[in-house]
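> Those protein sequence lines, which keep their order, are chains A and B.
The first sequence stops at residue 246 when you use our numbering, and every number in between is there.
The second sequence stops at residue 279 when you use our numbering, and every number in between is there.
Heads up, a few of these hints could be off.
[To be verified] Result set (DMTMM-like, lysine to aspartate or glutamate): computed pairs, CA atoms no more than 20 Å apart in a straight line:
#, chain 1, residue 1, chain 2, residue 2
1, A, K131, B, D217
2, A, K101, A, D111
3, A, K67, A, D29
4, A, K131, B, D162
5, A, K55, B, D164
6, B, K37, A, D111
7, B, K84, A, D82
8, B, K219, A, E134
Since the hints were made in silico from the structure, they are not lab data.
The structure displayed is predicted, hence computed values, not measured ones.
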Amino acid sequence: MEELIELRNITAGYDNNIILDSVNMKIHDNDFIGVIGPNGGGKTTLIKVILGIIKPMKGEIIFKNNKTKNLIGYLPQYNIFDKAFPISILEVVMSGLMSNKKLYQRYTANDKALAMNLLNIVGLENYSNYKISEISGGQMQRALLCRAVISNPKILILDEPVTYVDNTFEKEMYGLLKEWNKDMSIIMVSHDIGIISSHVKTIACVNRSVYVHKSNIIDNETLERYNCPIDIITHGRVPHRVLKNH
Amino acid sequence: MENILELFELDFFQNAIFASVLCGIICGIIGTYIVAKRIVFISGGISHASFGGIGIAYYLGFTPMLGASIFAILSAIGITKFSKINNLRQDSIIGIFWSTGMAIGLLFIYISPGYVPNLMSYLFGNILSTSNTQLLLMLGLTIFIIAFFCIFMRPIYYIAFDKDYAQTNNKYSDILNTILICLVALSIVITINVIGIILSIAYLTIPQATANLFYNDFKKITLASSIICPIGSLCGLIIASIINLPPSASIILTFFSFFILAYLYKKIYTTRLKRTKSI
Ligand SMILES: Nc1ncnc2c1ncn2[C@@H]1O[C@H](COP(=O)(O)OP(=O)(O)O)[C@@H](O)[C@H]1O
Ligand SMILES: [Mg+2]
Chain A
1 MEELIELRNI TAGYDNNIIL DSVNMKIHDN DFIGVIGPNG GGKTTLIKVI LGIIKPMKGE
61 IIFKNNKTKN LIGYLPQYNI FDKAFPISIL EVVMSGLMSN KKLYQRYTAN DKALAMNLLN
121 IVGLENYSNY KISEISGGQM QRALLCRAVI SNPKILILDE PVTYVDNTFE KEMYGLLKEW
181 NKDMSIIMVS HDIGIISSHV KTIACVNRSV YVHKSNIIDN ETLERYNCPI DIITHGRVPH
241 RVLKNH
Chain B
1 MENILELFEL DFFQNAIFAS VLCGIICGII GTYIVAKRIV FISGGISHAS FGGIGIAYYL
61 GFTPMLGASI FAILSAIGIT KFSKINNLRQ DSIIGIFWST GMAIGLLFIY ISPGYVPNLM
121 SYLFGNILST SNTQLLLMLG LTIFIIAFFC IFMRPIYYIA FDKDYAQTNN KYSDILNTIL
181 ICLVALSIVI TINVIGIILS IAYLTIPQAT ANLFYNDFKK ITLASSIICP IGSLCGLIIA
241 SIINLPPSAS IILTFFSFFI LAYLYKKIYT TRLKRTKSI
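The following block holds chain B by itself, in its conformation from the complex (with noise of 0.2 Å):
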């Protein structure tokens, strides 16, 4: 136990848990508009997409995670904008951006001279190794999102049920799809410092389901699993360090265990109240 207690005071522990708490206020509510939106697998594509960004950075000497962030948002523009095209099918274009990112990222890995990077890092999350720059990043994108949200709800709210609708009483629903697309983007670079391009879905599904047993309007989820996201990872990342697991592993099954103990939770707790109503 004093092992952890010194554990706290080091400064990379400090930063991850900094970063495990931001990132699950980030994804708790940007995930529950993909959720709502049906947009999981679009932010799969995304999130394997960027790799590719993250190769060619490594090839042109510069910050992996700008160009993870760029192809994120140009793969989330680009699967938007392609799914339009009548005889395109949506889940055949996000199959491309996956799989053609991914190529890439593998390409200029393998050109770059020297230092190879560890790809397992960027594949399954590195938590323990956030530099204060991202941890700086993280803030200025959770500040962001929380006003965003904050102050248009309503509208994000009506472009996620019904964008056509929405397109024609509000000149202003295309400009927000845009943000909102570009920050759901962001979002999944965020994740994929945190906790990897293959599980990054994690966090943007997982939490959202578990608000979704208890609450079913958009608001209250959302707030739900901006409460619950960075609860989860946090304790993740904690027994991680007690019992000595990797963290991402850990995290995501501490937001299963969640959704296990809270469905069943409802499943008990509503079988009494029927059982209680019909005495």
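For reference, chain A alone in the conformation it holds in the complex (with noise of 0.2 Å):
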């Protein structure tokens, strides 16, 4: 697997706040990374530094190819806009084309249809010319998600992705992530031990520090030893693998 980034002794935080301290991690093509924590470790502050919107206090990104830089797809973990704001939901997955685009390039027919055409995966083809204010949270997330991959990017980044949405299409979408990942590598926030056991091939377990667990399977030995207790409740098909209360 080819080398997309690599974070270099990444400590970062807000303020004079270290949240994360040390981080080294390696993001690999096609890898599907699982990333774990108590809420607070510094999941969401991990990623924003690996899509730059935080800097880092101290070490480096390192993308080992120019082009990854601008080829990232992210979907994040609050959907908090202003929901008044004069758009359309075509104009919102369109938005994720910006980095393919010079800035005064117009859109194309190719464009649009590339849009529709995923709109129709995740069930919203109705919806397109809808304005944010007149749908649901879940159909908002549906959107983002096409905005997140809209432009074939190299690394797909989510952040607790299921926040929003309903069973069925949760269950839509690990169908449809396992199918992007034979051509992007995906990070993806989760809480769901369970999910992340059968649907990713790494974890990153993070909590101020950052663990990386080159396998789908972590026992409670393991979390504890990564000082990452997770107490989220699975499905109940992996229950050995919840930590023990204390």
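Now that you have both chains on their own, put them together as the hints suggest.
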């Protein structure tokens, strides 16, 4: 697997408050990294560092291929937008194409077809002209998933993608991710160890430090050794992987 | 009526006419960005803070509008930067810039020796004293803004919608964002000339709200308000000179009447549409 990004000795946080301490991590092509960790452990912060939204205090992020930098798709954890903002679903999806275009370039018929095709896949084909004020949180999340992949990114980053969606779409989404994973590396934050175990290839435990576990199976002892307590209820399929109560 | 026609031949009135139209175009466009991004309150802060620059300019003896521009840009950037610091809340920051700017202006005008400028014209505008230089600057800004928005409409739209996301997939979004906030500041300085510090928000919000009644798309709202705003502005100025009112008041009331008429029209039109449908 080709190496895409390397985080070298990254320390990051807010103001003078350190959230991530000396993080080393590599992201490879076609990997599927499940990011787990307690609330406030720094998962979102880690993602924002990779995306360049937060500048690290120390260390460096190395993009092995300069093109990769602009080829990251991102689904944020919270979709708290200004609901009254005058923008349609189709426009939201197409805004994901910014990285592929010159600033002044207009959309082509092809771009629009690409967006419509994605909307079709997530079941929003009849909503393309709706304004964001006219759809539900779950529908918005689907549109944002389309925005994240429309540029055909090298890396797709999803921060707790199932927060707003129903069970049906959640299942569909994992199917889609599996398909997309053939062409792109995926980083997904999730609280659901069951889901992590059945879909990812690598587990990253984030709690101030980051431990990369090169397998999709993890047990209590390892989690404890990684200082990464997870107290989220799973679907019950893998009870032995849930950390025992203290 | 003859008096009015005579008025049109006077240089100062011609300048006022051009100023009202140019300011209308500038604010029609920039105001849409301000309203969509919900930075109306920031704009109020910038407008009031620039009074500090006017005061210092008076004291040091350079052009007040240059002082206002410097203060406007600095406070625009200042408010944006300080709002990012965690334990500072944005509306408090705006309040600080707003009032401190006014206080600095007041102080420097007070300690300036000799002639005391007419404060009222800064607070409530003085479109009838627009100079040729001011007009030229306005024309320059108008052309720049039109070109900038025509060329970069798409990224501007997305930055206004979701700045964090734009930052992840566009390396120029920071620069564009900074240029936009500077354009906001300069547009506000233009409105200070025309309508005054206290009333400048009118140009940046009422025509846009009117356009928003009919359109729900950023591009269309921008286009519509860049037409409504100069028309309202010009009508306000002409009405003021016919019935001898302060132009600033007249312009705002014209904007307001446009809004009310548009609102009523839409209300009646949509009810009728519903009725026809139900028959
Ligand atoms: N914008 C912010 N400013 C200051 N502190 C923050 C900010 N965002 C997150 N934090 C703090 O950083 C820590 C890690 O947050 P986050 O990365 O969002 O955790 P996670 O995604 O793992 O739940 C938390 O303690 C949180 O309070
Ligand atoms: Mg998080």
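> For the pair supplied as a hint, A/K101 and A/D111, confirm whether the alpha-carbon distance does not exceed 20 Å.
holds, 11 Å
> Has the given pair, A/K67 with A/D29, been kept, meaning a C-alpha gap of at most 20 Å?
holds, 13 Å
> What's the verdict on B/K37 and A/D111, does the C-alpha distance respect the 20 Å limit or exceed it?
violated, 26 Å
> Straight-line Cα separation of B/K84 and A/D82 no greater than 20 Å?
holds, 18 Å
> Does B/D162 sit within 20 Å of A/K131, going by the straight-line distance between their CA atoms?
holds, 15 Å
> Starting from A/K55, check that the Cα of B/D164 is at most 20 Å away, please.
Between A/K55 and B/D164 the Cα gap is close to 13 Å, so the pair holds against 20 Å.
> Regarding the pair B/K219 and A/E134, is the alpha-carbon distance no greater than 20 Å?
With Cα atoms ~19 Å apart, B/K219 and A/E134 stay inside 20 Å; holds.
> Are A/K131 and B/D217 close enough, with their CA atoms no more than 20 Å apart?
holds, 9 Å
Violation of the numbered hints given earlier is confined to hint 6; every other hint is satisfied by the structure.
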